[in-house]
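Taken in order, these protein sequences are the chains called A and B.
This note's numbering puts the first sequence at residues 1 to 139.
This note's numbering puts the second sequence at residues 1 to 396.
It is worth saying that the hints were derived from the structure and are not from the lab.
This one's a predicted model, so the numbers in the text were calculated from it and none came from an experiment.
Even glycine gets a Cβ: it sits at the ideal position worked out from N, Cα and C.
Hints may be right or wrong, so weigh each one.
[Stated by the list, open to error] Label pairs and their in silico Cβ distance ranges: (1) A:128 with B:215: 40 to 46 Å; (2) B:322 with A:45: 26 to 32 Å; (3) A:61 with B:108: 41 to 47 Å; (4) A:82 with B:13: 35 to 41 Å; (5) B:146 with A:45: 32 to 38 Å; (6) B:190 with A:116: 20 to 26 Å; (7) A:7 with B:187: 51 to 57 Å.
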Amino acid sequence: MSDTVTKKLMLFFPKCECEKPIIYHLVKDYDLIVNVYRAKVTPEEEGYLVLDVTGTEDHINNGMDFLQTFNVTINTTGKGVTRDEQRCTHCGQCVSHCPTGALSIGDGATREVVYNEADCIECLACIRVCPFGACASAF
Amino acid sequence: MKTYQQINEKIASGKAVVLTADEIIDYVDKKGLETAAEEVDVVTTATFGPMCSSGCFLNFGHSAPKIRMTEAWVEDVLVYTGIAAVDVYLGATQLRHGDPANMYPPGEFRYGGGHVIEDLVAGKTLQLFALSYGTDDYPRREIRTYFTIKDLNQAIMVNPRNCYQNYNVAINDSDRTIYTYMGALEPRRENASYCSAGQLSPLLNDPHYDTIGVGTRVWLAGAHGHVYAEGTQHAGACERTADGVPMEGAGTLALTADMKQMRPEFVRGVSFRGYGVSLAVGVGVPIPILNPGVLKRTCVRDRDIMAPVTDYSSDYPQKTGRVIAHVSYEQLRSGEIEIEGRKVTVGSLSSYYKALEIANLLADEVRRGDFLLAEPSAPLPKDRAMKPLEIREKAS
Chain A
1 MSDTVTKKLM
11 LFFPKCECEK
21 PIIYHLVKDY
31 DLIVNVYRAK
41 VTPEEEGYLV
51 LDVTGTEDHI
61 NNGMDFLQTF
71 NVTINTTGKG
81 VTRDEQRCTH
91 CGQCVSHCPT
101 GALSIGDGAT
111 REVVYNEADC
121 IECLACIRVC
131 PFGACASAF
Chain B
1 MKTYQQINEK
11 IASGKAVVLT
21 ADEIIDYVDK
31 KGLETAAEEV
41 DVVTTATFGP
51 MCSSGCFLNF
61 GHSAPKIRMT
71 EAWVEDVLVY
81 TGIAAVDVYL
91 GATQLRHGDP
101 ANMYPPGEFR
111 YGGGHVIEDL
121 VAGKTLQLFA
131 LSYGTDDYPR
141 REIRTYFTIK
151 DLNQAIMVNP
161 RNCYQNYNVA
171 INDSDRTIYT
181 YMGALEPRRE
191 NASYCSAGQL
201 SPLLNDPHYD
211 TIGVGTRVWL
221 AGAHGHVYAE
231 GTQHAGACER
241 TADGVPMEGA
251 GTLALTADMK
261 QMRPEFVRGV
271 SFRGYGVSLA
281 VGVGVPIPIL
291 NPGVLKRTCV
301 RDRDIMAPVT
311 DYSSDYPQKT
321 GRVIAHVSYE
331 QLRSGEIEIE
341 GRKVTVGSLS
351 SYYKALEIAN
361 LLADEVRRGD
371 FLLAEPSAPL
381 PKDRAMKPLE
391 IREKAS
């Protein structure tokens, strides 16, 4: 495949769209490689899905257009795990529990904890270990 | 040689030379100890971390008719009422009424005394509920009302133990995850956790308590307070390096200050999964550079400070006293330590970022002439060791 890109998406499914095989169509019809990080899609309830899609720009755009035909909200920037800058004290407790280094000590002098959302695989370890309740999940 | 009075005169005239314990290291390297001791008046130290031995005394004033509270809750958190009629003591580790604690372990402990203290300083409206048996002079039997810190006559923080001189590095030798006040520790030494500001920490910059004593004025979460006593478990007699730096907990400070003057970003409730609730507070302590010896000890570096690595699955709870190894704060801050040939990733509970912020805020206040130093009225004990609790079969 030439010029493939990867995009991280968070999809919000309203109650009525939960039972449609949307991911199947993304793979089968739009030739996208799908890597699901985390999903909570329960029949009769609203659902969330955080995933990477890999493919050519065109295929991704077509896939996104397909998603738009449903009542699915696509969030390409906001992620399922967020850090509240006001609550974070930069203690660094999360750093040793974060498996991908998405949370790390950025500046050696000030020892500020930086959160690189792109590296987050949504394991939720930070939410369990943060004493200050700085990390939260959208679902 | 300088005196407290001379230093305070320079501070008052806005001419004091003030550096943080972080900055002083390079400064002395460049200028030499003697010259730097002449030039520098104050070195600021700081720490920000959980300190379970924290709480506050609140005075509510009197309702009409009056009540002598015998049981009371603030935001459903039990407060101690075994003191005067409308005085209460709110402790940082008190759980909220109905919290299931560790009934289904590990408990989450989302809200407790530390969080109430945070909300109080943040100016939030809180609920007071109190009961009484009623007396002739205090007939009211029950009260429920809402208040903010502004409505209180006094809100005085007390930390019977703060600023631990040094502290353990916690690891887990067992084969299951354990939940401690040092955070979650993964099995088979998967991670380690430490809690000290290292070279910025107040008592590591004054290891023999030459300048910090009872009466020392301190910066407590933005308010000007003071050291009111040695802290609980203060044990100056301990294992030390050749330079006199403690290699274990050692000294502590008891601090107090007016909560109405505090800044909420430095008073934060904390939740330790599987353990409980607590309070993290920010402290800044100025060290007067009275002579080159005092200055030399403020130049302590992370690489010179050793912390004991302790197993929290067995050795700590069973009080065996075993120390697995000593590691330096320089190694800890690298994010990885080596214990018995194996690399272990490290996390911290104490925020160096916040401690640095506090050291700079205090340095600015001293430079502006807004923070004068207080000479201690009594020294901290140097030769006391920590006593255990003996379990006796009967009174002797």
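Evaluation of the provided hints:
{"no.": "1", "hint": "A:128 with B:215: 40 to 46 Å", "verdict": "holds (43 Å)"}
{"no.": "2", "hint": "B:322 with A:45: 26 to 32 Å", "verdict": "violated (52 Å)"}
{"no.": "3", "hint": "A:61 with B:108: 41 to 47 Å", "verdict": "holds (42 Å)"}
{"no.": "4", "hint": "A:82 with B:13: 35 to 41 Å", "verdict": "violated (49 Å)"}
{"no.": "5", "hint": "B:146 with A:45: 32 to 38 Å", "verdict": "holds (36 Å)"}
{"no.": "6", "hint": "B:190 with A:116: 20 to 26 Å", "verdict": "holds (22 Å)"}
{"no.": "7", "hint": "A:7 with B:187: 51 to 57 Å", "verdict": "violated (36 Å)"}
This entry does not satisfy hints 2, 4 and 7, going by the numbered hints stated previously.
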